[in-house]
Amino acid sequence: MFGFGLIKGLLITFKNLILPSRLFTVHQYPDRKVGPIELARYHQDWQNTSFIQFVINNPIKTIKSLIGLISIQDRYPQHSRFRGQEFGWYENRCTGCASCAKYCPLGIIKIETSRSGVDLDEGQKYKVDVFDIDMGRCMFCGLCVEACPYDALFMGSGFEESKYFRQELNIDINNLKNNDTKPSNWFRPQLESKNYDPRRNGALEWDQVGRHQKPTDTDQANKWSKR
Amino acid sequence: MNINNFQNIINSLIPGLPTWLVFITSAILISFIVINAVVITGALTVWLERRLLARIQSRLGPNRWGPFGLFTPVADLIKMIGKEDTVPATADKKIFNLAPIVLLVPVLLVFAVIPMSNNSFLGQLNIGILFIVGVTGFNTLAVFMAAWSSRNKYALFGAMRGVAMLLSYEVPMALSIISIVLTTNFLLNIDGSNLSALSLVGIVQAQKIPFFILQPLGALIFVTAASAEMSRAPFDMIESESELGAGYHTEYSGIKFAIFQLTEFLAPVATAAIISVMFAGGIKGLSFIPGSVILVVKIFVIVLIFIWIRATWPRLRVDQIMNFAWKFLLPLSVINIFSQAIILQIFYSSDSIITINELWTIAFINWILAGISIFLLAKLFGHKGRDKNIPIPSKLANMEFTSE
Amino acid sequence: MTKILSTEYLTTILPDDLKKSVIDIADDCLYIPPQDVLKFAKFLRNDSRLQLESIISLTGVDYIEYFEIVYHIRSMIRNSSMIFATRIFDRSSPKLSSVVSVWRGAELQEREVFDLMGIEFENHPQMSRILLWEGFNGHPLRKDFEYIDLTD
Amino acid sequence: MAFKTEPVTINLGPQHPSTHGVFRLKVTFDGEQIVDAEPVIGYMHRGTEKLAEERSYVQIVTLTDRLDWVSSMTNNLAYVRTVEKLANIDVPIRARYLRVLCSELQRIASHLIATGFLMQELGTFGGTPLMYCFREREKILDMFEMLCGARITLSYMRPGGLVQDAPPEFWERLKIFQKEMPGYVDELESLISDNEVVLARTKNVGILSDRVAVDSSVTGPMLRASGVRWDLRKADPYEVYNSLHFEIPIGSVGDTFDRYFVRINEIRESIKIINQVVEQIPTGPIRTEIPYFFKPPIGNAYTSVEAPKGELGFYLVSDGGISPYRCHIRSPSFINLTVLKDLLVGSTMADLIVVFGSIDIVMGEVDR
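Each protein sequence line maps, in turn, to chains S, B, L and U.
Okay, so the first sequence: first residue is 7 according to our numbering, each after it adds one.
Okay, so the second sequence: first residue is 450 according to our numbering, each after it adds one.
Okay, so the third sequence: first residue is 2 according to our numbering, each after it adds one.
Okay, so the fourth sequence: first residue is 246 according to our numbering, each after it adds one.
Bound-form chain S, shown alone (with noise of 0.2 Å):
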């Protein structure tokens, strides 16, 4: 009444516009730009030499970046269970079940597989021929991943994957083969145990990402001739 609410209002806004903690919420990507004092700590300067040691070795540095001219790359903050693009594949694990085909809602996983061959004690292997991933319809819901019974396909952590042509959006084995598999931890307790974050760590290899140890044969026989 008599305008006093607006004057709260103002209050607020004038609250928010100095407060420290209500600072930009918004994150900068891929490069952020920054003034003297994160760039100092940027350069791993923070911890040995101080802040005015800083300035003095680089005065040109931190006078651009007082005048806002320096930037500096950032990583987007992202949970290790994110659910993201590029997926990953062990073509060593996959048996070509075609699951995740079947689990797909939009069908968008092409599996085609044929004798390999390679005769193990539980019957001949698969190989697996063609695996293509229409990711232009792709809905990253997960559920080929949920759907894997020998933990063989992973969702990725990417999202700038934007391509010029629908076309090239299509993921196919060659494609799966040659990534860099960091797989993200959605659906797979076994990485999350071990504190793996795809976006720090690096790529891991088809044995260190199964539930299980891998059975050695005289398991594996044993498995198979008390049926």
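Accuracy of the hints is not assured; some may be wrong.
Unchecked claim - Below, in silico cross-link-like pairs of lysine-lysine (DSS-like), each with a Cα-Cα straight-line distance of 27 Å or less:
(1) U:K384 <-> S:K21
(2) L:K4 <-> U:K330
(3) B:K837 <-> U:K479
(4) S:K131 <-> S:K116
(5) U:K271 <-> S:K200
(6) U:K330 <-> S:K108
(7) U:K384 <-> U:K517
(8) S:K14 <-> U:K424
(9) B:K528 <-> S:K39
(10) U:K448 <-> B:K828
(11) S:K108 <-> U:K540
(12) U:K479 <-> U:K517
(13) S:K39 <-> U:K384
(14) U:K249 <-> B:K844
(15) S:K21 <-> U:K424
(16) U:K330 <-> L:K144
(17) B:K542 <-> S:K14
(18) U:K586 <-> B:K602
(19) U:K295 <-> L:K96
(20) B:K776 <-> U:K448
(21) U:K479 <-> B:K844
(22) L:K4 <-> B:K844
(23) U:K295 <-> L:K144
(24) U:K479 <-> B:K602
(25) B:K602 <-> U:K249
(26) S:K14 <-> S:K39
(27) U:K448 <-> L:K43
(28) B:K602 <-> B:K543
(29) U:K249 <-> S:K14
(30) U:K424 <-> S:K116
Since the hints were derived computationally from the structure, they do not count as laboratory data.
Since the structure of chain S is already known, use the hints to place chains B, L and U on it.
Quick look at chains B, L and U alone, frame taken from chain S:
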């Protein structure tokens, strides 16, 4: 810096030129400088407004091009120029093309009479305040021209609202100026100065204490009416973007749209200039700082307040805006004129010399008067605050009902 | 908890003429002939023991031999709900009386059923397509709807 | 003197700054007054119900994300509850608590969006309240990312439970959220609720009486703003709402301000619920393993939950196959539109936008 200085300089550089040629050359030169300076200030205001709004909202705002994104207005301008300049097929093309110019020119003209030193650019115009009121009245016409010629229903809605609003806010604005002129005349008469009470230089001279302290009610009315005149929040009815898309300039694109944008961002600067001259003492302030610097600082402080308000308050509805003008501001300004006249007459008749202390007494009386009249008028017309009663549940639902 | 009115209870309180017209009783659903729907709806709403004042959901199911229109209704005063349904065997031009005059909440839902299932509701204030455009051929939620491939 | 005027018809939309998606409103104005309004919808009709008929029960979860994309959690919940009722699947108690936690977080996020956009339509330029709302919502979305790797289209729930248990860093973040959020809500409210301009714009605008609301099957905050104390979480408690204590905020007259105010108070109640859930949540499994292509018995089921926008119900008919024979979605946004014309006729253009914003619809749910 004014036109006479330029004439002197040109005369001394090239002696023997005819007087009319010297006058024209110096006029073109000075207007070139002033217009460019003003337009650059407008561009800076765009940047300032965007950055400050963003900061208030915990965003970043433009920060990519140049230090702190200072060159963003330049990038915007290049983009605007590069865009196709479309004209609707059914539009009245002459008026359509003329409207942005009619809107821009009055804003630039205002700066001709702003006293940057003891003199204004245009020289000693002794009806400066009248000039401003007359010139800014043009924007009503320009808004209607733009909307009518573009044959767009949204634009027409905006213009209809705009014309009604702009016309009604002229009245309290002019009335609040009258009270200022009254006071100025009174103070100048006592000083024995021969300046006109209608000239802005005279108004600045008369401010021994700033008029916003001496006349709080007048300042309040003027600021409110002026922010309605330039259609800024909470009175941005003309181009209420959530309702009408873009209001009167819906159909404009390219450089014409850029002119509309420029005008929109120049208007606060022009208004702030007028307010700082009329109510905040203009070039007066600390004696060791040049007057023009003080004026620019004052202008930017007022622009910051405008931006702050814009970031906080929602928009009023059109009928509420009209009610506010006719039922609230108009009575308030009439009260203001009468009370000023009476108070000044009392103090003038007691003795013909007025001291600073007496001025402070007048200011004190005015503040009390302003508080009482705002309180009473708000009681009469204002909205009752929200009721804090606990609402009674309707009988149409009963979640605990269990028996058959 | 919302009480789901049992069909036994409902059949005991129905007036005689309506009781006769009930054609089938499932464990939580009463089946009504199409011509009695409006009468039935008026009774459910106005009876002081039921006060079923708002319609939660109205939908149609295509069982190929017949269409089933299912009404989920609720009383907010008594915190109870019930289901009744009707079957329409006419497939070429199915018609049903609208319940908008009883429960206004059915207005958009009946239009939706008309649009997607092709059942015309009589005495509806505005019986026109709502989700699809005027001139669309067919009713997509019918089981015999033929797909039109719009991709090529 | 009778002043002759000519009505003007304006198409608000399908593309308009404040139509929450592709929504068209044919409005006839007499000056600034509205004499007729007719909503035209269907621009975003994607045939979710038809698509569901040829997907398995688990695959439909991904479709429900895309109904009301600002509250995917409650959509998932409504759907999986119907499947569980249809197929008699039991859900572990920890999963039930987590479901409640998620849906209350989602309710806060959705109400923040509703409030923010209502303020945006009132015309705070640049949308200061909107940005404050987004700032808080962002924290909730970050938590959802920790839970299930996505921020909007979550697909977190499955028939029989949830996909994955919450990671430890989720609980840490939730603790901070619990501590900070009440302060932010207070701040938001004091920015908006006492503002004279907001009061002038929203008080006594678009009044919906309780009688009309109940007749028209309006649900959610819109119904409660009209003074009808009805909430499915209390009236028909699902999951673990029985063991949680909270109030049902109601409005007094049913105007736009009440609709806003009910939402703000519901955010407060949701925070209360979250606090209780964090205290009570037990340890244990979070998922009953069921086959992916499972076949529920022949029959039908209807269940509904209290989604942020109102009662969201699913009606599933099973013929014993791997996919439902019929899937009907009772979406609150769609049915709340019934009263749009009543609210609009007689008010002005500026009120139209505000009233429309206060209904809080999402086109994905209206058109399905």
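Check your understanding: In ascending order, which of the hints set out earlier in this document are inconsistent with the structure?
Key -> 5, 14, 17, 24, 26, 27, 29, 30
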